[in-house]
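J.: Taken in sequence, the protein lines are chains A and B.
Numbered continuously in the working numbering, the first sequence closes out at residue 255.
Numbered continuously in the working numbering, the second sequence closes out at residue 422.
Careful: at least some of the hints might be erroneous.
To be verified - Dumping the calculated DSS-like pairs for lysine-lysine here, alpha-carbon to alpha-carbon at most 30 Å: (1) A:K34 / A:K230; (2) A:K199 / A:K174; (3) A:K57 / A:K174; (4) A:K246 / B:K230; (5) A:K248 / A:K230; (6) B:K305 / B:K39; (7) B:K39 / A:K246; (8) A:K246 / B:K11; (9) A:K34 / A:K57; (10) B:K30 / B:K11; (11) A:K34 / A:K248; (12) A:K230 / A:K246; (13) A:K230 / B:K30; (14) A:K199 / A:K57; (15) A:K246 / A:K34; (16) A:K248 / B:K230; (17) B:K305 / A:K248; (18) B:K305 / A:K246; (19) A:K230 / B:K39.
Honestly, the hints are just simulated from the structure, not real lab data.
Each chain is listed here by its residues.
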Amino acid sequence: MLRTSIKALALTLGLFAAAPAQAAGGSVALPDVKFSFDGIFGTYDRASAQRGFQVYKEVCAACHSMRLVSYRNLRELGLSEAQVAAIAATVEVQDGPNDEGQMFDRPGRPSDRFRRPFANDAAARASNNGALPPDLSVIAKAREGGAHYLYALLIGYSDPPAGVTLMDGMNYNKYFPGNQIAMASPLNPDQVEYADGTKATVEQMARDVSTFLNWAAEPELEQRRAMGVKILIFLTILAGLTYAVKRKVWADVEH
Amino acid sequence: MSIGLHNSEFKNPVVRWIDQRMPVFTMMQKEYGTFPTPKNFNYFWNFGALAMVTLMIMIATGIFLSMHYTAHTSMAFESVERIMRDVNYGWLIRYVHANGASMFFIVVYIHIFRGMYYGSYKAPRELLWILGVVIFLLMMATAFMGYVLPWGQMSFWGATVITNLFSAFPVVGSFIVELLWGGFSVDNPTLNRFFSLHYLLPFVIFGVVFLHVAALHITGSNNPLGIEPKGPQDTLPFHPYYTAKDSVGLVVYFMVFAGLVFFAPNYLGHPDNYIPANPLVTPAHIVPEWYFLPYYAILRAVPDKLGGVLLMFGSILVWFVLPWLDRSPVRSMRFRPLARIFFLIWTACFLVLLWAGGKPAEGHYVLIARIATAYYFAYFLVILPLLGRLERPLPLPESISRPVLGGGPLPSGAAAKPMEKA
Numbered sequence: 001m002l003r004t005s006i007k008a009l010a011l012t013l014g015l016f017a018a019a020p021a022q023a024a025g026g027s028v029a030l031p032d033v034k035f036s037f038d039g040i041f042g043t044y045d046r047a048s049a050q051r052g053f054q055v056y057k058e059v060c061a062a063c064h065s066m067r068l069v070s071y072r073n074l075r076e077l078g079l080s081e082a083q084v085a086a087i088a089a090t091v092e093v094q095d096g097p098n099d100e101g102q103m104f105d106r107p108g109r110p111s112d113r114f115r116r117p118f119a120n121d122a123a124a125r126a127s128n129n130g131a132l133p134p135d136l137s138v139i140a141k142a143r144e145g146g147a148h149y150l151y152a153l154l155i156g157y158s159d160p161p162a163g164v165t166l167m168d169g170m171n172y173n174k175y176f177p178g179n180q181i182a183m184a185s186p187l188n189p190d191q192v193e194y195a196d197g198t199k200a201t202v203e204q205m206a207r208d209v210s211t212f213l214n215w216a217a218e219p220e221l222e223q224r225r226a227m228g229v230k231i232l233i234f235l236t237i238l239a240g241l242t243y244a245v246k247r248k249v250w251a252d253v254e255h
Numbered sequence: 001m002s003i004g005l006h007n008s009e010f011k012n013p014v015v016r017w018i019d020q021r022m023p024v025f026t027m028m029q030k031e032y033g034t035f036p037t038p039k040n041f042n043y044f045w046n047f048g049a050l051a052m053v054t055l056m057i058m059i060a061t062g063i064f065l066s067m068h069y070t071a072h073t074s075m076a077f078e079s080v081e082r083i084m085r086d087v088n089y090g091w092l093i094r095y096v097h098a099n100g101a102s103m104f105f106i107v108v109y110i111h112i113f114r115g116m117y118y119g120s121y122k123a124p125r126e127l128l129w130i131l132g133v134v135i136f137l138l139m140m141a142t143a144f145m146g147y148v149l150p151w152g153q154m155s156f157w158g159a160t161v162i163t164n165l166f167s168a169f170p171v172v173g174s175f176i177v178e179l180l181w182g183g184f185s186v187d188n189p190t191l192n193r194f195f196s197l198h199y200l201l202p203f204v205i206f207g208v209v210f211l212h213v214a215a216l217h218i219t220g221s222n223n224p225l226g227i228e229p230k231g232p233q234d235t236l237p238f239h240p241y242y243t244a245k246d247s248v249g250l251v252v253y254f255m256v257f258a259g260l261v262f263f264a265p266n267y268l269g270h271p272d273n274y275i276p277a278n279p280l281v282t283p284a285h286i287v288p289e290w291y292f293l294p295y296y297a298i299l300r301a302v303p304d305k306l307g308g309v310l311l312m313f314g315s316i317l318v319w320f321v322l323p324w325l326d327r328s329p330v331r332s333m334r335f336r337p338l339a340r341i342f343f344l345i346w347t348a349c350f351l352v353l354l355w356a357g358g359k360p361a362e363g364h365y366v367l368i369a370r371i372a373t374a375y376y377f378a379y380f381l382v383i384l385p386l387l388g389r390l391e392r393p394l395p396l397p398e399s400i401s402r403p404v405l406g407g408g409p410l411p412s413g414a415a416a417k418p419m420e421k422a
């Protein structure tokens with residue numbers, strides 16, 4: 001019995017071990033950074049995510065859309081209803097057609113999705129030297145390494161090492177696959193002014209915006225983990241009960 | 001047999017009234033209540049029930065997902081993210097469904113391993129085994145089409161690579177591919193028909209599972225000793241003994257499942273599938289879902305496209321004739337010292353192929369995949385047929401109860417007793 005159980009375990013582990021090997025990619029090791037949402041019980045650092053939203057709004061949003069996220073979702077980061085309404089109202093949204101069949105502009109509402117910086121992908125490419133800035137809604141789930149990779153990418157800019165020639169308009173980044181990235185280094189020290197007095201170093205902004213982007217990609221993370229803990233506690237008790245029942249039922253059988 | 005009411009043994013008047021006219025209660029009592037089941041199952045015998053439960057979970061979650069999903073290339077990706085964000089507990093339903101596919105394959109792989117190790121495919125259970133292989137093929141088709149539906153990069157490029165395999169067949173190849181695509185490339189008609197078939201096939205699976213279980217209840221279950229029960233002393237009624245034992249396995253299984261869903265829901269997925277499908281950008285490495293990697297490795301191990309496709313399909317089709325390739329009268333590998341070693345090496349080769357399928361098809365990965373592929377087929381086509389004639393199996397116990405009740409070494413007469421052909 002024990003031997004067969006070990007075999008079953010080995011088989012299962014073999015299957016699991018194969019999965020992360022799929023996309024190792026062979027790039028350099030990411031810098032060691034700890035996020036509040038790492039691990040099994042981690043949650044989002046609200047203050048950091050709010051600062052990250054500020055970085056997105058003032059820096060990233062010039063080129064990157066987040067078309068799956070609505071302003072109302074910012075309530076989950078601890079902003080008040082009035083704050084969310086005020087943020088939404090700062091953008092102009094095209095709506096319509098109205099009764100006369102005309103499209104019209106109106107201030108944004110909390111129910112609107114984040115405004116896109118470009119009308120379409122062609123316009124985005126035209127303004128960015130032919131490169132398309134990816135939508136950032138699920139970027140933390142769409143890259144190997146998630147938020148850790150995003151952080152690394154944002155602090156990974158430098159001059160190219162000797163012997164490396166960059167293509168026209170490209171920038172050197174040691175964490176980007178192939179090392180040549182169209183996006184210029186987006187973060188400079190004190191580029192944003194944090195309301196809470198946190199010093200806006202490049203590392204701080206990178207950490208904050210990575211937290212924000214992870215929240216945008218996995219807004220359900222805290223609810224999911226909290227539910228998972230309850231369900232596992234329940235199942236552990238149930239496992240004990242069913243095993244006790246099984247023992248009792250089988251007590252009179254020689255096997 | 002005379003026509004009239006069924007002679008029901010149930011006392012409850014409502015149950016009795018129904019059972020006399022349509023004896024479903026008698027049937028359930030016979031097939032899942034008193035059904036005589038060998039008393040010596042180990043926990044490997046949980047996995048059939050686990051697969052059944054997983055199928056029901058997949059159908060239930062799939063029905064709810066389809067209420068919110070939009071099968072159109074311009075909206076599919078966004079509708080899936082809407083499920084994740086705006087549908088109440090949509091993230092839970094989707095992660096259960098997505099990880100449920102992986103859990104389904106883990107369970108079914110262990111179930112197949114169990115069948116191969118204990119010789120469950122041998123007479124009189126050949127048809128039971130064949131129906132199982134049919135279920136597995138249907139599962140593969142269903143899982144493949146399901147992975148296309150979110151319309152991410154791996155959905156699109158996986159679909160492109162896999163459907164293009166059929167073009168390797170001479171004469172009919174391009175016809176089959178265009179039939180699968182509904183056009184001249186993977187596009188909206190492909191997505192629509194895959195959605196339709198992805199909804200249909202699980203119910204076909206359900207039908208074949210019914211046949212699988214029906215066949216099982218004719219021959220009865222195999223068991224770890226691989227010998228038939230000799231009488232009532234060797235069996236137990238399915239309920240409460242195996243309902244209780246399956247419940248233990250089920251709860252432990254749910255714990256693993258929940259661990260994946262709640263704490264690592266994207267662990268077995270590929271990050272590229274969170275990038276919307278783009279026919280103009282090819283991912284650096286196109287890889288199928290992990291459960292297809294062994295066959296993908298076999299495909300790429302062969303330098304010739306048609307040869308690779310044939311070997312890939314052959315790697316599963318060979319299972320159909322397994323009952324006739326393995327001629328040894330002894331079922332359980334416990335009593336087959338040589339076959340057991342060769343089979344465990346085969347299992348290792350399967351895992352090596354699973355690993356190699358996720359690596360780029362270059363350098364020593366290809367060499368390793370080729371060696372593992374060669375052994376994969378050699379085991380079925382050369383080693384097993386030869387072992388059936390050459391191997392000296394260990395003495396079989398006289399009966400299922402015997403080794404338990406007797407305790408000490410078996411009487412020498414048991415060793416000489418030939419394996420009965422039930």
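J.: Hint by hint, note whether the structure agrees.
T.: Hints, one by one, checked against the model:
1. A:K34 / A:K230: Roughly 25 Å separates the two Cα atoms, so the pair holds.
2. A:K199 / A:K174: holds (25 Å)
3. A:K57 / A:K174: holds (26 Å)
4. A:K246 / B:K230: Status holds; Cα separation ~25 Å.
5. A:K248 / A:K230: The hint holds at about 27 Å.
6. B:K305 / B:K39: violated (49 Å)
7. B:K39 / A:K246: Roughly 14 Å between the alpha carbons, so the hint for K39 (chain B) and K246 (chain A) holds.
8. A:K246 / B:K11: With a Cα-Cα distance of about 28 Å, the restraint between K246 (chain A) and K11 (chain B) holds, given a limit of 30 Å.
9. A:K34 / A:K57: Holds. K34 (chain A) to K57 (chain A) sits at ~24 Å (cutoff 30 Å).
10. B:K30 / B:K11: It holds: about 16 Å lies between the C-alpha atoms, which stays within 30 Å.
11. A:K34 / A:K248: Violated - the C-alpha atoms of K248 (chain A) and K34 (chain A) are around 48 Å apart, more than 30 Å.
12. A:K230 / A:K246: holds (24 Å)
13. A:K230 / B:K30: violated (38 Å)
14. A:K199 / A:K57: holds (18 Å)
15. A:K246 / A:K34: It is violated: about 44 Å lies between the C-alpha atoms, which goes past 30 Å.
16. A:K248 / B:K230: holds (26 Å)
17. B:K305 / A:K248: The given pair, whose Cα atoms are some 58 Å apart, is violated under the 30 Å limit.
18. B:K305 / A:K246: Outside the cut-off at roughly 53 Å; violated.
19. A:K230 / B:K39: violated (35 Å)
Of the numbered hints given earlier, the model fails hints 6, 11, 13, 15, 17, 18 and 19; all others are met.
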